[in-house]
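Chains as they are written, first to last, in the numbering used here: chain A, 1 to 301; chain B, 1001 to 1799.
Hints in this document: simulated from the structure, not taken from any laboratory. Any given hint could be a false lead.
Claimed, not checked - So, partial list: chain A residues that the calculated Cβ filter (under 7 Å) puts toward chain B:
no. : residue
1   : P69
2   : A73
3   : S79
4   : S100
Said to hold, decoys possible - Below are the DSS-like pairs computed for lysine-lysine, each with C-alpha atoms no more than 30 Å apart in a straight line:
no. : chain 1 : residue 1 : chain 2 : residue 2
5   : A       : K203      : B       : K1242
6   : B       : K1710     : B       : K1656
7   : A       : K103      : B       : K1017
8   : A       : K130      : A       : K103
9   : A       : K92       : B       : K1024
10  : A       : K203      : B       : K1327
11  : A       : K13       : B       : K1242
12  : A       : K120      : B       : K1017
13  : B       : K1024     : A       : K103
14  : A       : K120      : B       : K1024
15  : A       : K250      : A       : K218
16  : B       : K1591     : B       : K1656
17  : A       : K92       : B       : K1017
18  : A       : K167      : A       : K92
Keep in mind that this is a model prediction, so the values were computed, not measured. Cβ atoms here follow ideal geometry from the backbone N, Cα and C, with glycine treated the same way.
Chain residues, written in single-letter form:
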Amino acid sequence: MIEITNVSKGFGKNLALDQMSCTIPDGCIFGMVGANGAGKSTLLRLISGIYLPDEGSVKVNGEEVYDNPQAKASIVFSSDLMRLVSNGATLKRMAEFYASVYKNFSFKKFEHLAGIFNLKPGIRVRAMSKGMTKQAQTILSLACCTPIMLFDETFDGLDPIARNVAKKLLYREVCDNGTTIIVTSHSLRELEDTCDQLAMVFKGRIVLQSDVSELKTKLFKVQLAFDAEHSREEFAEMGLEVLSFNKAGKVVTLILKGDRDEAESKLNAMKPVLMEVLPLSLEEVFTYEMNVMGYKFDEID
Amino acid sequence: MKLFKAKSPFFNGSYYKELLRELKVIGIVCAVIQLLYGFAGEFGGGNSGLLSMFTIGSPGLVHNDCFMLFFYICGINFLSTHISRKNWDFRNSLPVSKRTMFTCHFAAVLTFAAIIFAANFLGAFIGEGVRLIAKSTSVPDGYGISAVSMLKTIVTGITAYCLLVIVGSVVNNIFSVLAVVAIYIGLPILFMLNAFVVSRHGVVSGALLFPLGVKGTALASTALLLIEMLVSVAVAYIAFGKSRVETFMKPARTKWIHILIGILGAGCVGLMVSGLQAHRLDYRSYADGASVYEFTPWYVSVLVIGLIAMTLAYFVYMWITMKSFKKALASCVFAPLGFLVVAASVLTAVAADKKSEKLDFSAKNIEYVRIMDENFTKSGDYYNMLPFMGNVEYSSSFYRGSSKAFDVKITDEYVINRAAELISSHGYEFGSREQVFGVAGRFITNMGQYTRPIEVTLKDGTKWTVAGGDPRAITLKHLEDNEEYIEKLASLDRFKNGRVISPFGLGSELDKTLLEELASLSAADRAAILTGGRIQRASRDEQSDLKGIENLEIRLTLASPSYDQVATIRLNEKLPKTIKLYMKLMTERMKAHKDFSELISRLEAADFGRINTTVMDLETGIFSSAYIYRGEPFFKNGAFDPKVKEFCALVAECLKADQPMEGAEHRMGITFDGFVLSEQRASGAYSDRSLFGGESVTAFIGVSSENARKLNELCREIGNIEKDFFGANDDFQKEAQFVAEAVEAGRLKLYDSFENELTAENIMDMYYNGYEYFYAEDGIQKHITEFFEEAIKMDSENP
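In isolation and in its complexed conformation, chain B is listed as follows (with noise of 0.2 Å):
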């Protein structure tokens, strides 16, 4: 039989056309999906905006599984209507080659596959221009589709679609088809929802389909999924091209499809499962942004497992639809190829490991270190600030953008010593390892997160990141010696011509005596000062955060001319004179507003609708929020809380008192971001209504120590309150406590920012009040490795 008859034509325009018409529903469906993913990822759904897009490797989520079940349902589509034997007759009969039919399906499928990849960056455009009009103030988190991701589905797509065709043209029947796709696909899938929860692809994802295909580097992966693909593509049209419905599983006709499709799923099934494995258990991170699998004996006996495992499906499968022991052991004349492919397979991830150990990271070969972070200082303030940046920080595409944005190269022997030997330790560890271990993990982790991937640079220009828990307190701490770092950090020079944002508006002469004031400082202390001065971002983004900080009255905000580099600076005692002028003028204005007497005659009384306050120690740089609002849990049998009495009594008695922080024992921030009323109307309903306009207002004063230290209880007592009440239902609440009983019983050692060894009570106090961050000794993953070791040991034995 003749594959390619010249005389055949390769394209038939007219029948091309007609397939389109019949896949028009799933193309449009699947292009309207993908348009309101790019349309909702601009505002945080899942896109981190076109910027992002149009970078490679934006790592996370991606949204992507429509995009892949497009590919799935497309092939489901060319069995069922041209290899189905209930449509054999129909189609063969008509004037137009198989190999035609093929490429013309093909042809048709990446046309919409086109549309959709085109609707997905139309809904990013329009999301984009609606963004703008609106001015959102929402920020995208930070994962996304970009056009690489895309790319990258559309070839495991078109693998997938293949893969399809080739089962088909073997079986020739719609139900044998779906029960061998269920053997190829189905079966790592339970693998893959097995261990879904820690991973961070989509279900359909064709990275975990075709993990040979996230192997290795970048190039080396893309070369993969290419070679993948065209190998694919073109045994798909040679399959169709020699299928025959009168040969349907008689594999002494088709034996040589069924070793190809044996080595082919074999192989497939193999690293499927390996992959899934080694996604579980051996991921890395790398600073492109690249996830990778790193070869273990592991990788080997899942790779064969797989192997078994599939054979053994395919036998029983073939057992059953031929009724002959004898044929479907014939059938699986693949197997001992499939054992050489996966045996090829593992030499060259072998081989592919081999290259990456040769990577020498020891401290000789590094040239320098950059943590992908920037807002350090003296004091560890920074950890402070945090609740008021809000989780932008941790965007990936946060990381890409800061990375750039200071380059700070940090040659401190220290510094690369310890990167050398967190890598040469657990240094690729890191990640969501955790979550295996359960609910407790998660709590961990949910700390774990904030911590700060260093990148290593080596002396080679290679970039490799490290995710770490340790070493952002220890590197921390031997940054405040790098002067470079400082100096950096310190500068004013980005903000020349700029602005100075603040809720009040301080004038253009107070603007330009701040800069001049901030200039005279040491750059050592206007480090300590500018907590933010971070990011290179898109200034779009940038202007969403600065909305924000508006927003917070304590603020005062240094702006580049383009909005693209800001530095928040931090209100305490080494402040100019123009700040404390500032402040000073802030508090005025709130006791001076008319309606001043009545919030103190109301926090007297107790009586209001719902406040939010926020109490700042200046002197400890400690941020404790209350929101009180009348209703349980705060409010009940018609009065609030005592607590809450008591902590509205005390701060209107500090706001009366007006004592000036200049020789206070305690200086504090006390801001009322919303103080409502509640007043009963003739009719018995209650109405609302703000004082101070419904604006936020700051006072900063003096106090004593005493009640400095009682607000701040009182503050988060009442935070407590409110946690108490909903605690029964907080799963969140009881992993603080199981961790707290861990560390109260000396089984799990914790630390702060401080590298203070942080008791039960602590733990508990960071978890009612949002203070996330501290650290396991010596790194996360070994203490929580012990201790869930000892957890799980615990359990088993007392049940």
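This is chain A alone, in the form it adopts within the complex (with noise of 0.2 Å):
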């Protein structure tokens, strides 16, 4: 379990994080999503024990992480550009530095990684696109079989195939091992299908944490038509928590909290002409939730 207690980090005048806390628990693939300079890179150099907080304490497993190796090889942070050993270096090579300071990295694995994204291990980092580049930088952090993997913005430059194949190795790693990941992106589409949890990160703060699935149960979009108009005020005095009220003359579009089937048969009350309960989208949900706490909605990428 990784535990971040009130932690500040500040670099000069800017503050990267403010008293940020959270619990971020085992074998789970969590998400953080956030603005460009929200904080998201800063807290996962804390947790890899890159950073020192100024306030506050990151422990893994109940210890403190700053260069402490014992915590530190539980941990592998895949960083959004990846360095390389010396220039010249081979993903064969990189894999050997690894499994230098990785004693679980597994060799077996990483050639079978490398396989599955067809990477031949004799070839040159330094000549790899980018996208190549984040597989490579992929298939090297899940061979090292840690417990927990970090993963910054690893998603960014994977072509569509090669990003469902991440994810779904992923997937198939919190699965099989009960691995702890981590995964920023400033994209909430690129986590929506992936992530357990997800924390929303805003000027160095989690605004929003919460369960992928309770929160796309607990918001929900209604479309109604009525024979007569229909104020906001009449579907709060009936129990309902509006967080979005739009009306184009006799029709309603309600983003409504709560419980989905005790909302829908307090709509139905009303007798609506037609009432149709849509999906939306975790983007969508993260605005409204946004919105909610008085954030401004121009404010998220």
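Starting from the two chains in their separate frames, assemble the complex, guided by the hints.
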């Protein structure tokens, strides 16, 4: 389990993380989404022990991570840019390097994954395209077989097929080995079909953290057509939690939060001419949640 | 933040192996280069052989630049892989603590340092083997890599490496590190390059980077170097452990590191600058080969200037990078402390100097004096033999060896007084200081290099060497009266059961007779004959020398059984009968040879390809050599120069006359070290054929005084033909002319080894004939300084 408690981290005048707290359970894919500069990468660097928090603590399985090789042995960090042992390093050379510091590194797994992505171990990393580099980094991280894997913007730059393959590999890693995976992205769409849990990072704070399934079922969109016009207050008086209300004549579109069956029965009681419950994308869910919390929509990428 | 977590391992074997892989390219390249250095050094490239490698304090050129560079590259490697912001994520996310990273990298660097060190020795061993197999006659130049100097390089290299790590730990950015390092190292290197002309150290010499290390005695120097290294390692270890990429250039967070680095840098720069200046101005050479820098007020000033320069540079750099005047100012918080360090350094230097000054060099405290050479004879003929001895005698290893060979302790009162006087006046000021004066100074320095240092042993056993110009001439004169010295020089005991080396071989009976005859002479007479009798060196080197001597026809050389001591017999009127017979034998063999008549006819017709002739005047001991070949400037329009013709005809006439030496006005030895004919074949091409089977031949003959004078003059003039022809490009000749003009104008007085004042003509003659040994009045230094002051003044007045 990863426990982040009241962590602050600043760089000069910029406060990257501001009293951030969260707990990441074992064996899940934890997605972090936020605008550029929100603090996602800083948080990953704190978890991987690269940075020392100015305040608060970052603990992995109860141990402080910073400059603690034992705690760090359970974490592999896949940075947004791949760094090499040497300029001419091949994929195999990188694997050997990782193997020298990660005791559980599996060459068998490495070769298997390289085969899946059709990457030759002898290829020089410097000669790879951006997408191939991301694939290589994903392979190397997965082959380290650590209980915790951190992926920073990993899906960025991958083609749709490679992205799906990568996602499947992450699923399998969690399913087979109970690995805890943290993935960051500035795009919700990248994460909505991948993660078990999602956190929204905004200005150095986690403003929202929830199970994805819970998020999706708690918020839903309903489109209604009535014989007469109805106001927002009328819906609220019925005990519905209305996050959004749009009216176009006698047609009303609502974003509601709460139990879906209960809401449907209450709305049916108003005898609409037409009622249709529509699914919400994760992006819409986050947007509405953020609005509720008072954040401005356009601040989110 | 805890720096020393108990659970964090100090060392990680697999990570260490990885770092070995990363450093292997530079490590192997450096090892190969040092291996070649070691190998080439055995053939005179910069190593005087294994013997000197194991002796302490081999001075002079040390080919350790590559080795030193290795440490810099390793430092840069550490910066780029472990400290630069680019790689920070990669390295610091790994399950290896920072201090383990440092220790592993440090261990990898040390591993390769050991390999490079071993490679150098391996190269020397291989070279040694090749030399023995090939029986190489080349003689190493005496300067070289010694184990101690290599170890010193390792120590200073580690310090430099750690300095880079320390700087990098503060700034965390490879470019910034290089910029800072440029301030710390580049600035002094500029000074160093400026002083490079007079520096015997390499461009990246540790001694110049950390001159503190060469201050004081050998023990103090070693201790200081080790302390420097240990402190640097400890600070680097802590600094890297404390380093954080997120605090890049944030003085508020790393103030103590800035203070530390500032002090270190300030002290370093100050000392480097002072060291360079001191090296140039206050160089001292001691008997143990150590070089130290004398403390002077100038030392303080350059130290302070260095600190100010460093502070300003650091401030400007911080201002540019931090874009804040206030913060940049704050980052220079070290400056006052830096001055304290400078003050401490000055006080230490003063203390060290006081210790030196306490040494009493007065005559009453001098136990004895030794001349760091031994080739002294009554008449000063030694100097005339110099061209045949080669430069081997001037190598430092020779001094070291020879000083032990004879161990003649001169207790002559005059010599001791003179030594004390020299030390108190300008005893240490010789060396290469004259070079700064420019080209003309170089000429005089070149002559000065043939001077002999004297070693003074104080009553407490301390030994000091005084490099000297005129001490030689004066001490030589007084050595004649030193019976102990003469007796030692003339001793034949060391040649018992040895052999006599001669080109033709005398046979064991004649050998025996020769030794008996020599033994029957008085010690003084024998000393006058035995111009060699020198050297206790490695027998290998000795054999190389002997081979050279054997090639010189006119020599007879006595050798001890182990070849470790030799004495060359000078052929003069005091020779015992055997030698006279030997000379006669050589002459007769030459004349009886089937090629002799052709030699005469070819000389008379001036028809030959090339000849190498030496004319030795047995009365004066002066040798003149002429190397004549079919080509410009000797051969023009299908004929030899008239002077060449005249010389050849005279030589032929003297040889034909066959006047015996006994009763002759003058006795001369004429040697042909090669007489090559050029004959045109039917095809039109020329082919070479050597007379006497290519062997050297010598005839000792009697000649009239007139012919002797003519032969000498013609021989010199022939030598001048070539010098005149190529003279336009001969800087050395220009320098000689410059000096000759100064002598002619009375601005400079120079004396020969007989203390005769030299004329401008004498100087040019000496230049043409290789007589490069004479002295300025009362020591070179004083007059050269005055001379150049005058020259500079004249130049400024008449631009």
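Under the constraints set out in the numbered hints, which ones does this structure not fulfil? none
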